[in-house]
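Novice: What follows is the residue order along each chain.
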Amino acid sequence: MLLIHCPYCEEDRSELEFRWAGEAHIARPENISAISDEEFAEYFFLRNNEKGLTYERWRHIHGCGRFFNAARDTVSDKFLMTYKAGLPKQPIPSEVKAEAIAEEKTVETWEATEGDAR
Amino acid sequence: MSASSNSGEFRIKGAGRHTPARTARFTFDGKSYTALEGDTVASALLAHGVHLLGRSFKYHRPRGILSAGPEEPNALLDVSRDASRRQPNVRATVQEVFDGAKIASQNRWPSLKHDIGAFNDLLSPFFAAGFYYKTFMWPKEAWHKLYEPIIRRAAGLGEAPNEADTDHYASRYEHCDVLIAGAGVAGLTAALSAASTGAKVILVDEQPEVGGALHFDSSTEIDGKNGYDWAQAVAAKLKAMPNVTVLNRTTVFGYYNHGFLGLVERVTDHLPLPGKDLPRERLWQVRAKKVILATGSIERHMVFANNDRPGIMLASAARTFLNHHGVAVGRAVAVYTAHDSAYEAAFDLKRAGIDVVAIVDNRKLPGEAVLAEARSLGIDVLLGHSVLDTAGRHRVSSISVARNGEKTGRKLKVDALLVSAGWTPSVHLFSQSRGKLRFDAENDRFLPDIYAQDCISIGACNGTDGLSALIGEALAAGAEMAGHKGASSIDAIAFAGSNLYEWTGGLIGAAEGAGRDTTVKAFVDFQHDVTAKDIRLAVREGMHSIEHIKRFTTNGMASDQGKLSNMHGLAIASEMLGRPIPQVGLTTFRAPYTPVTYGTLVAHSRGALFDPARKTPMHALEAAEGAEFEDVGNWKRAWYFPKRGEDMAAAVNRECRTVREVGGVFDASTLGKIEVVGPDAAQFLNLLYTNAWDTLKPGKSRYGIMTREDGFIYDDGVVGRLAEDRFHVTTTTGGAPRVLQHMEDYLQTEFPHLKVWLTSTTEQWAVIAVQGPQAREIIAPFVEGLDISNEAFSHMSVAECTVMGVPARLFRVSFTGEIGFEVNVPADFGPAVWKAIWERAQNLGACLYGTETMHVLRAEKGYLIVGQDTDGTVTPDDAGYGWAVSKKKTDFVGIRGLKRPDLVREGRKQLVGLLTRDPNEVLEEGGQIVADPNQPKPMTMLGHVTSSYWSENLGRSIAMALVAGGRAKMGETLYVPMKDKLIAVEVTDVVFVDKEGGRING
Chain R
63 MLLIHCPYCE EDRSELEFRW AGEAHIARPE NISAISDEEF AEYFFLRNNE
113 KGLTYERWRH IHGCGRFFNA ARDTVSDKFL MTYKAGLPKQ PIPSEVKAEA
163 IAEEKTVETW EATEGDAR
Chain A
384 MSASSNSGEF RIKGAGRHTP ARTARFTFDG KSYTALEGDT VASALLAHGV
434 HLLGRSFKYH RPRGILSAGP EEPNALLDVS RDASRRQPNV RATVQEVFDG
484 AKIASQNRWP SLKHDIGAFN DLLSPFFAAG FYYKTFMWPK EAWHKLYEPI
534 IRRAAGLGEA PNEADTDHYA SRYEHCDVLI AGAGVAGLTA ALSAASTGAK
584 VILVDEQPEV GGALHFDSST EIDGKNGYDW AQAVAAKLKA MPNVTVLNRT
634 TVFGYYNHGF LGLVERVTDH LPLPGKDLPR ERLWQVRAKK VILATGSIER
684 HMVFANNDRP GIMLASAART FLNHHGVAVG RAVAVYTAHD SAYEAAFDLK
734 RAGIDVVAIV DNRKLPGEAV LAEARSLGID VLLGHSVLDT AGRHRVSSIS
784 VARNGEKTGR KLKVDALLVS AGWTPSVHLF SQSRGKLRFD AENDRFLPDI
834 YAQDCISIGA CNGTDGLSAL IGEALAAGAE MAGHKGASSI DAIAFAGSNL
884 YEWTGGLIGA AEGAGRDTTV KAFVDFQHDV TAKDIRLAVR EGMHSIEHIK
934 RFTTNGMASD QGKLSNMHGL AIASEMLGRP IPQVGLTTFR APYTPVTYGT
984 LVAHSRGALF DPARKTPMHA LEAAEGAEFE DVGNWKRAWY FPKRGEDMAA
1034 AVNRECRTVR EVGGVFDAST LGKIEVVGPD AAQFLNLLYT NAWDTLKPGK
1084 SRYGIMTRED GFIYDDGVVG RLAEDRFHVT TTTGGAPRVL QHMEDYLQTE
1134 FPHLKVWLTS TTEQWAVIAV QGPQAREIIA PFVEGLDISN EAFSHMSVAE
1184 CTVMGVPARL FRVSFTGEIG FEVNVPADFG PAVWKAIWER AQNLGACLYG
1234 TETMHVLRAE KGYLIVGQDT DGTVTPDDAG YGWAVSKKKT DFVGIRGLKR
1284 PDLVREGRKQ LVGLLTRDPN EVLEEGGQIV ADPNQPKPMT MLGHVTSSYW
1334 SENLGRSIAM ALVAGGRAKM GETLYVPMKD KLIAVEVTDV VFVDKEGGRI
1384 NG
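Here the protein sequences line up with chains R and A, keeping their order. For what it's worth, the working numbering labels the leading residue of the first sequence as 63, then goes sequentially. For what it's worth, the working numbering labels the leading residue of the second sequence as 384, then goes sequentially.
Isolated chain R, as found in the complex:
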């Protein structure tokens, strides 16, 4: 069970207290009633679902109740950083990134096990 740092409580708290809330940094268009069907689809339906580094929203639902942003590596399931809602997408410090890439290598992936045998 992970520890997640809540940027509002400024504490590492158990994963049980949090709820995932989808991809981060997708702003609701200011002029939403005027956008095209394609723009609406892009805003509402389409998600990146990237492997590796992703930016997500989480909510400290059984704590302070605040939504915040998190950068997480979906391969290693490591939280690289968390920051408050409303802040722009934060760059990952290079040392954190290096650590994350190293950690990815400790993960047993399909490619590393089954894939190898094909």
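Since the hints were made in silico from the structure, they are not lab data. One or more hints might be untrue.
Below are the DSSO-like pairs computed for lysine-lysine, each with C-alpha atoms no more than 30 Å apart in a straight line [said to hold, decoys possible]:
#1 Lys819/A / Lys140/R
#2 Lys1080/A / Lys1320/A
#3 Lys1083/A / Lys1272/A
#4 Lys1218/A / Lys1026/A
#5 Lys1080/A / Lys1271/A
#6 Lys1080/A / Lys1244/A
#7 Lys167/R / Lys672/A
#8 Lys1282/A / Lys1352/A
#9 Lys1282/A / Lys1019/A
#10 Lys151/R / Lys140/R
#11 Lys485/A / Lys441/A
#12 Lys485/A / Lys396/A
#13 Lys1282/A / Lys1270/A
#14 Lys159/R / Lys819/A
#15 Lys151/R / Lys1138/A
#16 Lys146/R / Lys1138/A
#17 Lys796/A / Lys414/A
#18 Lys113/R / Lys819/A
#19 Lys672/A / Lys159/R
#20 Lys620/A / Lys672/A
#21 Lys672/A / Lys146/R
#22 Lys672/A / Lys140/R
#23 Lys819/A / Lys167/R
#24 Lys1282/A / Lys140/R
Given chain R's structure and the hints, the job is docking chain A onto it.
Specialist: Structure of chain A alone, referenced to chain R:
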């Protein structure tokens, strides 16, 4: 007979650590035995010369005891106190004997000695690896009828209990600075070192006493004491320290992310009469800042022909039985080894007066010290020799020994054979922590290499050989993990230890006796009956990944997870593939380290506590009135109130009639309630609902519809405006949490500029709905400080007042189409107010009604229930609520989604009423609707029935349905085809009662 002879003819006087006078009685397969307190089931049975304990999984071969610890693959037994407290697959080497234990062997029929399944052993050429995949391929139909039932009957380990478990289980959370797994020399030393810094330490060990290998290793001295005695003294010292918790009989079974560990503590399994207050087992969920792994190593068996007979066991196990339990495993014992450590088993037994027939050493050059000692004790040592085969039906009776390379050997009569191929470091927890291993080719073992978490491995599990090195490593690790680097703190507690012998040697893979031909059974994995030839076959048949070899042969996939077999299997595969071991790889170690009972994982979350029920403040009063309850989410809601002799239909019909004729009282407390407060509250609600809220005057309420961005209905409810800056929002019963989450999401992330506060008040208010022509008359005497006449307090009014002196919020609102009020009082006052209102209502001829009547009455009025008449693809217009979508607002959640081409096209499914041609026919909810019942299948389905009831007030059935282009089909006849009939229906308006809506305003 004396007590000591009672406890078994293989007890050695003066050996072992148990007290001869303290005995316990137990039965094994119905026969009664006496044990000594502290015995495991294994040691107690061996003391009586019982070696045959079970039958193997696939071939039903006789099996005995292989080990003396948790790695045991063979001796799995069924242990019970009574019928409801019975557990299969208990390891005889772990379970302590308690007085009154009933123990039975498994996997045999009709008896352990005469097992029909043993026939499989003769058929074994057909049961080679992968035989399931090959044999039962054809014909396809035979799988369900023939193969599967037979396999199911024959397979399986043990028999699952068939009664509810009457034990209870506990669960707790803990935090610490340093958690130490394993209390052998390394773990104890590290604990002393860490604890002396003041750090909070948890020391965990799976055995009843600390000591680890000191249980059997009698030749170790530490700090001037015998090793085992030293360990107990250290444990006593640690237990007396306030910052240390020592957990015995506790297994660290899982090492998860961020220093989170799962522990299972076996609290009562060793007690004859456990107190009712004690949990059987306790789950510990520990968050440790640092972890020290001192999990030791596990001895491997030798792989050779017929190496599985009862009486063949690990050398260290025989030492444990002798040195700890005082039991000799035989009277004429041989040793077959590739490692020095097994020599010490021979020495111990010889000194205890047991005949040691020979030490057969696979190697040409053992350690000089052990060889010298063997010679001085007069033990015959055969160097460069192997055991080619064994004989003996229910127990080994002879072995065949030959010089390496020779095909035929000479027979030696034995009644026990001790084997050792060396020691495998227990890196399970390290691997679970996602650490990476490296292969130590010199010693044929995997060792911790790259750490993924804040932990450190010490002692045997880290490949540290030699006691002095181990103590030094443990002292340093304890101080370092506790945050005190450097020697100063260590010096104060340092001590010395010594072994008589330094061990060398080891072998992985098949020994000489494993043979090359396909008839030899040289077992690698005992629990799943995997032999060396199975692994060779798997490679020959094209399995080149160790993961595939594992799955094809099932090597290491039994409940012991290959603690003994993995390294042997890997070595055989490596040899067959012609690739070095690191390139073949190692399968993943997964939690749990040893099996954990479901009871422990579930703990208190069973029965009523599995998914706690939510009850309204008036629940008990409703139950006293005879209410039947239904589950709505976690809520228990009064469903209907049957009077004596009434069934559900009769009760609901009476309630429906009474509400429309007189009045009814209904518990609406489960309605979700959210207080929306702040200067921008109206603006916020404008954005979250399709309706306009800035036009709503304080003192009035309005029905609101909430959509998601996609334009589909998400929730609905009445919203009352109590003041310019204060709204009382109600949601559906099931929707309250997600609606609040939805609102918070927008408020925090999209509209953070708005000054609004959201508070869940669902549980704060008890809500008593009073509906019907007499509703005003019923509540009038209780309402204080408010004129509730129709003129002063018309439909959709809301006000704060007092009811029976209690601060209240009164809504004039109706979900029945009758005059209606909802009395909101603080939850604690709910029962008192309910009692008074109900007493008066009863006197006026009104009734209590439940959710079923509520559903019928609202359907008579065509009122929507979100989630029943809508399904996440229904727009407000589809539902006939287009009027609730503001045309003036420039923004709200859903404004763009509602304009999507598919949402504005013709022919969408719309909510309409249905009247069956036969008024007595009540449609089934979910029934599909078609226009042409004669159309060949698949028919064109126009929609489905969403709500359907018998309406007592109309004397006929009514229904609501989503029908494609429904509002343009008024008066048309459609059909609902059922399995046994075709039901003709007429499409109508959704309002069936009081179409003009006059009653509500009375």
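Novice: Evaluate each hint against the coordinates.
Specialist: Okay, the hints, checked on the actual structure:
Distance restraint check for Lys819/A and Lys140/R: the Cα-Cα separation of roughly 17 Å lies within the 30 Å cut-off, and the hinted pair is therefore satisfied. Between Lys1080/A and Lys1320/A the alpha-carbon distance is near 55 Å, which puts this suggested pair outside the 30 Å criterion. Distance restraint check for Lys1083/A and Lys1272/A: the Cα-Cα separation of roughly 20 Å lies within the 30 Å cut-off, and the hinted pair is therefore satisfied. Between Lys1218/A and Lys1026/A the alpha-carbon distance is near 18 Å, which keeps this suggested pair within the 30 Å criterion.
Between the alpha carbons of Lys1080/A and Lys1271/A the distance comes to roughly 18 Å, so the proposed pair stays at or under 30 Å and holds. Pair hint Lys1080/A plus Lys1244/A holds up; C-alpha atoms about 26 Å apart against a cutoff of 30 Å. Distance restraint check for Lys167/R and Lys672/A: the Cα-Cα separation of roughly 23 Å lies within the 30 Å cut-off, and the hinted pair is therefore satisfied. Note on Lys1282/A and Lys1352/A: the hinted pairing holds, with a Cα-Cα distance of about 24 Å set against a maximum of 30 Å.
Simply put, Lys1282/A and Lys1019/A have alpha-carbon atoms about 40 Å apart, too far for the 30 Å limit, and the pair is violated. Between Lys151/R and Lys140/R the CA atoms are separated by roughly 18 Å; this keeps the pair inside 30 Å, and the hint holds. Proposed proximity of Lys485/A and Lys441/A is supported: the alpha carbons are some 26 Å apart, at most 30 Å. Our distance criterion of 30 Å between C-alpha atoms is met by Lys485/A and Lys396/A, whose separation comes to about 27 Å.
Restraint check for Lys1282/A and Lys1270/A: satisfied, since their Cα atoms lie roughly 12 Å apart, inside the 30 Å limit. Taken as a hint, the Lys159/R and Lys819/A pair is honoured in the structure, with Cα atoms around 20 Å apart against an allowance of 30 Å. The suggested pairing of Lys151/R with Lys1138/A holds, with an alpha-carbon distance near 25 Å, which does not exceed 30 Å. With a C-alpha separation of about 19 Å, the suggested pairing of Lys146/R with Lys1138/A holds against the 30 Å cut-off.
Annotation: proposed proximity of Lys796/A to Lys414/A holds, straight-line Cα distance about 29 Å (limit 30 Å). For the hint linking Lys113/R to Lys819/A, the alpha-carbon distance of about 22 Å falls within 30 Å, and the restraint holds. This hinted pair checks out: Lys672/A and Lys159/R have alpha carbons roughly 23 Å apart, not beyond 30 Å. About 23 Å separates the Cα atoms of Lys620/A and Lys672/A, which keeps this hinted pair within 30 Å; it holds.
At most 30 Å may separate the alpha-carbon atoms for a hinted pair to count; Lys672/A and Lys146/R meet this at roughly 26 Å. A distance of roughly 17 Å separates the Cα atoms of Lys672/A and Lys140/R; the hinted pair therefore holds under the 30 Å criterion. This hinted pair checks out: Lys819/A and Lys167/R have alpha carbons roughly 9 Å apart, not beyond 30 Å. For the given pair, Lys1282/A sits about 40 Å from Lys140/R by alpha-carbon distance, which is inconsistent with the 30 Å threshold.
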